[in-house]
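Protein chains in written order, with my numbering: chain R, 4 to 389; chain Z, 593 to 893.
Treat the hints with care, as some may be off.
[Claimed, not checked] As a list, the in silico BS3-like pairs of lysine-lysine whose alpha-carbon atoms are at most 25 Å apart:
| hint | chain 1 | residue 1 | chain 2 | residue 2 |
| --- | --- | --- | --- | --- |
| 1 | R | LYS100 | R | LYS141 |
| 2 | R | LYS73 | Z | LYS695 |
| 3 | Z | LYS614 | R | LYS293 |
| 4 | R | LYS89 | Z | LYS695 |
| 5 | Z | LYS614 | R | LYS42 |
| 6 | R | LYS172 | Z | LYS695 |
| 7 | R | LYS86 | Z | LYS791 |
| 8 | Z | LYS704 | R | LYS33 |
| 9 | R | LYS83 | Z | LYS818 |
| 10 | R | LYS89 | R | LYS120 |
| 11 | R | LYS86 | Z | LYS695 |
| 12 | Z | LYS704 | R | LYS83 |
| 13 | R | LYS83 | Z | LYS774 |
| 14 | R | LYS68 | Z | LYS834 |
| 15 | Z | LYS818 | R | LYS33 |
| 16 | R | LYS257 | R | LYS359 |
| 17 | R | LYS359 | R | LYS226 |
| 18 | Z | LYS834 | Z | LYS668 |
| 19 | Z | LYS695 | R | LYS50 |
[Claimed, not checked] Partial chain Z-side listing against chain R, Cβ under 7 Å, derived:
| hint | residue |
| --- | --- |
| 20 | LEU610 |
| 21 | GLN612 |
| 22 | ALA694 |
| 23 | TYR758 |
| 24 | ALA761 |
| 25 | LEU810 |
| 26 | GLY811 |
[Unchecked claim] Here's a subset of chain R near chain Z, in silico, CB distances under 7 Å, partners left out:
| hint | residue |
| --- | --- |
| 27 | VAL24 |
| 28 | PRO27 |
| 29 | SER74 |
| 30 | PHE75 |
| 31 | THR199 |
| 32 | GLU273 |
It is worth saying that the hints were derived from the structure and are not from the lab.
Each residue gets a CB set at the ideal place from its N, CA and C atoms; glycine is no exception.
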Amino acid sequence: MLRAVDYDDKRIIDTRSSISVLCPELINWKERLLLSELKIAVIGFGKMGLLHSGILNLLIPNVVKAIVDKSFLLTFGASKTIKSIKFYRDLEEMLGKVKPDAVYVTTPTSSHYTIVKSLLEHGVKYVFVEKPPTLNYKQLQSLISTKRNGQIVMVGFQKKYALTFRHAKLLLENGIIGEVEGVSAYIRSGDILEPTSRFDALGRGVLLDLGVHLIDLITWLFKVKSVVKAEGKSLYTRVDDVFVAELEAEGGFKIFVEASWSNPDYRVPETYIEARGSQGVLQVTEDYVKVSTSIGYELLGNKRELVLYKPHYYQGIPPVNLADPEYTIEDIHFLESVHEGQEPLTSIEKSLETMKLVDELYEAAGRGVGGRGQGNTPRRQPVSRC
Amino acid sequence: MVKEILLGDNPFLGVSHLAQEKARAERSETPDLEAKAKVLIAGLEGGVTGYTFSTHQVNLELLEYTSKHYPEALAKLNYYILIPYAQGYVRRANVYGTVGLAKSVLRDIMLKHPVDFTTSILTININRLASLFIGMEARPYLKILPRERVKAILLHEVLTELIVAYDLAELLRELKRYVERKLKAGFGLETRNIGQLKKYLEERGIHVEYVMTPLNPLGYQMAPSKEEAEEAIRELGKRRVKIIAINILASGAITLEEACKYLESFEDKIYAVAYGTSKPQRARENAMLINRCLLRATGYI
Chain R
4 MLRAVDYDDK RIIDTRSSIS VLCPELINWK ERLLLSELKI AVIGFGKMGL
54 LHSGILNLLI PNVVKAIVDK SFLLTFGASK TIKSIKFYRD LEEMLGKVKP
104 DAVYVTTPTS SHYTIVKSLL EHGVKYVFVE KPPTLNYKQL QSLISTKRNG
154 QIVMVGFQKK YALTFRHAKL LLENGIIGEV EGVSAYIRSG DILEPTSRFD
204 ALGRGVLLDL GVHLIDLITW LFKVKSVVKA EGKSLYTRVD DVFVAELEAE
254 GGFKIFVEAS WSNPDYRVPE TYIEARGSQG VLQVTEDYVK VSTSIGYELL
304 GNKRELVLYK PHYYQGIPPV NLADPEYTIE DIHFLESVHE GQEPLTSIEK
354 SLETMKLVDE LYEAAGRGVG GRGQGNTPRR QPVSRC
Chain Z
593 MVKEILLGDN PFLGVSHLAQ EKARAERSET PDLEAKAKVL IAGLEGGVTG
643 YTFSTHQVNL ELLEYTSKHY PEALAKLNYY ILIPYAQGYV RRANVYGTVG
693 LAKSVLRDIM LKHPVDFTTS ILTININRLA SLFIGMEARP YLKILPRERV
743 KAILLHEVLT ELIVAYDLAE LLRELKRYVE RKLKAGFGLE TRNIGQLKKY
793 LEERGIHVEY VMTPLNPLGY QMAPSKEEAE EAIRELGKRR VKIIAINILA
843 SGAITLEEAC KYLESFEDKI YAVAYGTSKP QRARENAMLI NRCLLRATGY
893 I
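Bound conformation, chain R alone:
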């Protein structure tokens, strides 16, 4: 059990006994995974392709056998340097020659649907697709209907593998703050601070690309009943750079959400959720969990305050540090799902709710196609979700 820490006293807590609760992926992962002789292929050699193939190879040396990217520049340059991996520009050719057990899809979002569908039709048994899995709910449904028995598709909603968010869910489920009365949440980054046309073809912006993480967490932590209002705003692109919305939860409380990729104060993306309840407040980000309650709970070490930061959670874990720790836990989770043949925590089936809500938010904001500098959509009537 995670015990309370009085942060002012800088007392160190021993989280190791809590790992089995918050991160079962890391229990004896080596014994289970190092024995399997997997062949993994990665499609798309952008930053996420580099990240996942790097983590995978650090976990299990040489597990990545092939990389596919349509760019001649990338595949030619990489093939001259990286000798342990075969590079292809054609997906069919790679599938025919390598016959991978599992495939990571880390291409731009617009191509996810076509590629994952093709992989499923080719009989690839295990697929990991970066978030968002598709452009919309309809495409996701289509992928689910394409799947055959035994095939697994996992989505890269990596926030669910961050121990802070997992801990927050555990505390909320145990009623630490009593009945939830209101939620405020945002995801912000400073990624887009100059004009770019990269997202024009997609027709959707920050809500789909970055905000989808927040929507995924919100649907995981709370039950959303309807969209009350939503609006997007363009600053540097022709799609939504800032998206704000008000949701109504089952239980009657309101959830305010904001997604922005154009906030210069945020060097790296940050997700913040604050839940106010009848007995206290819980705040959670990738970096910390803070709880303040009117009653002392065993889960809080019989105290009324709990403050835990990343170093309290990630003590000698995960076994690979490349970017944020949740990416490694996510990759181990996928490999274990492959090994055990079990549905992952972020399967495409479990992502339906998230993608449905994203669609509803865009519908409510009337922002399927954006216009630069004209983003403030009139408020609409609530869209029922039941």
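The hints should help you fit chain Z onto chain R, whose structure is shown.
Below, chain Z alone, put in the same frame as chain R:
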């Protein structure tokens, strides 16, 4: 034996591995170059011997400013340069895409090193191109800093981890050669996967002069596990690799006293320790405390 106490640049760049919230607060505490320079000078007064920084524009401006206004301080410090500032490239990739980023980097190299660039392209020497990239990143800083004070150029952890992950031994050897021979500096690697790196260097028979890696009693950012990371650090230290311990405070989750107590068991294996702060007083006090608990304990001072 700990020979250097280094100040790190994270607070100046808005980087905190504890919480982004803290990073934003720290950045606002050193809003201008004078405030940052004061932190460096206070650290120097307390016993800091060097500055370790990544090739972020803020550092170029700070070092230019210090060179102009506090040349004596600039001359007294040793420098450990981390290349590149990875987040800057991640952000460029977000705007231009990975291919767009690759083209833009190639264009920059071509403009700075036209002859070497052409030779590398004609001979399809990607490793050489990577060396030119390192040179291009380092040169603006090398122009400002006293050359004898630039002790090492280290690859940023993202590059190090990818070199190990993709088994890029030839690239590593080429970069080492370039830094040592062309840039006349020590060569090093920053890593958060010290266990894997140590094994890789052994298997490939590569010796690097410096390794920069987190070392703290929580095991934060130490992989593949705290125990294996500690063992790897001890082994590398025995083999005369100069270990630069970073994140000794587990990003602020422990006190400096706790950190020092823990580091004492590594004192003969660590070459330098680094810490970051945005407060001049803390820069001075921390250096003095580290001096007391580590340097004096080893009899170095």
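Evaluation of the provided hints:
1. LYS100(R) - LYS141(R): violated (32 Å)
2. LYS73(R) - LYS695(Z): holds (15 Å)
3. LYS614(Z) - LYS293(R): Within the cut-off at roughly 14 Å; holds.
4. LYS89(R) - LYS695(Z): Roughly 22 Å between the alpha carbons, so the hint for LYS89(R) and LYS695(Z) holds.
5. LYS614(Z) - LYS42(R): violated (42 Å)
6. LYS172(R) - LYS695(Z): Violated. LYS172(R) to LYS695(Z) sits at ~43 Å, over the 25 Å cutoff.
7. LYS86(R) - LYS791(Z): Answer holds: LYS86(R) to LYS791(Z) is near 19 Å, not above 25 Å.
8. LYS704(Z) - LYS33(R): violated (47 Å)
9. LYS83(R) - LYS818(Z): violated (36 Å)
10. LYS89(R) - LYS120(R): This hinted pair holds, its Cα atoms lying about 23 Å apart.
11. LYS86(R) - LYS695(Z): This hinted pair holds, its Cα atoms lying about 22 Å apart.
12. LYS704(Z) - LYS83(R): Holds, at roughly 23 Å.
13. LYS83(R) - LYS774(Z): With a Cα-Cα distance of about 24 Å, the restraint between LYS83(R) and LYS774(Z) holds, given a limit of 25 Å.
14. LYS68(R) - LYS834(Z): Status violated; Cα separation ~35 Å.
15. LYS818(Z) - LYS33(R): holds (16 Å)
16. LYS257(R) - LYS359(R): holds (19 Å)
17. LYS359(R) - LYS226(R): holds (13 Å)
18. LYS834(Z) - LYS668(Z): The hint holds at about 21 Å.
19. LYS695(Z) - LYS50(R): With Cα atoms ~15 Å apart, LYS695(Z) and LYS50(R) stay inside 25 Å; holds.
20. LEU610: Holds - the Cβ of LEU610(Z) comes within 7 Å of chain R, reaching about 5 Å at its closest.
21. GLN612: holds (5 Å)
22. ALA694: Since chain R brings a Cβ to about 6 Å from ALA694(Z), closer than 7 Å, the hint holds.
23. TYR758: Because about 5 Å separates TYR758(Z) from the closest Cβ in chain R, which is inside the 7 Å limit, the hint holds.
24. ALA761: violated (10 Å)
25. LEU810: holds (5 Å)
26. GLY811: holds (3 Å)
27. VAL24: violated (19 Å)
28. PRO27: violated (17 Å)
29. SER74: holds (5 Å)
30. PHE75: Since the shortest Cβ distance to chain Z is 9 Å, the answer is violated.
31. THR199: With a minimum Cβ separation of about 5 Å from chain Z (threshold 7 Å), the hint on THR199(R) holds.
32. GLU273: holds (5 Å)
Of the numbered hints given earlier, the model fails hints 1, 5, 6, 8, 9, 14, 24, 27, 28, 30; all others are met.
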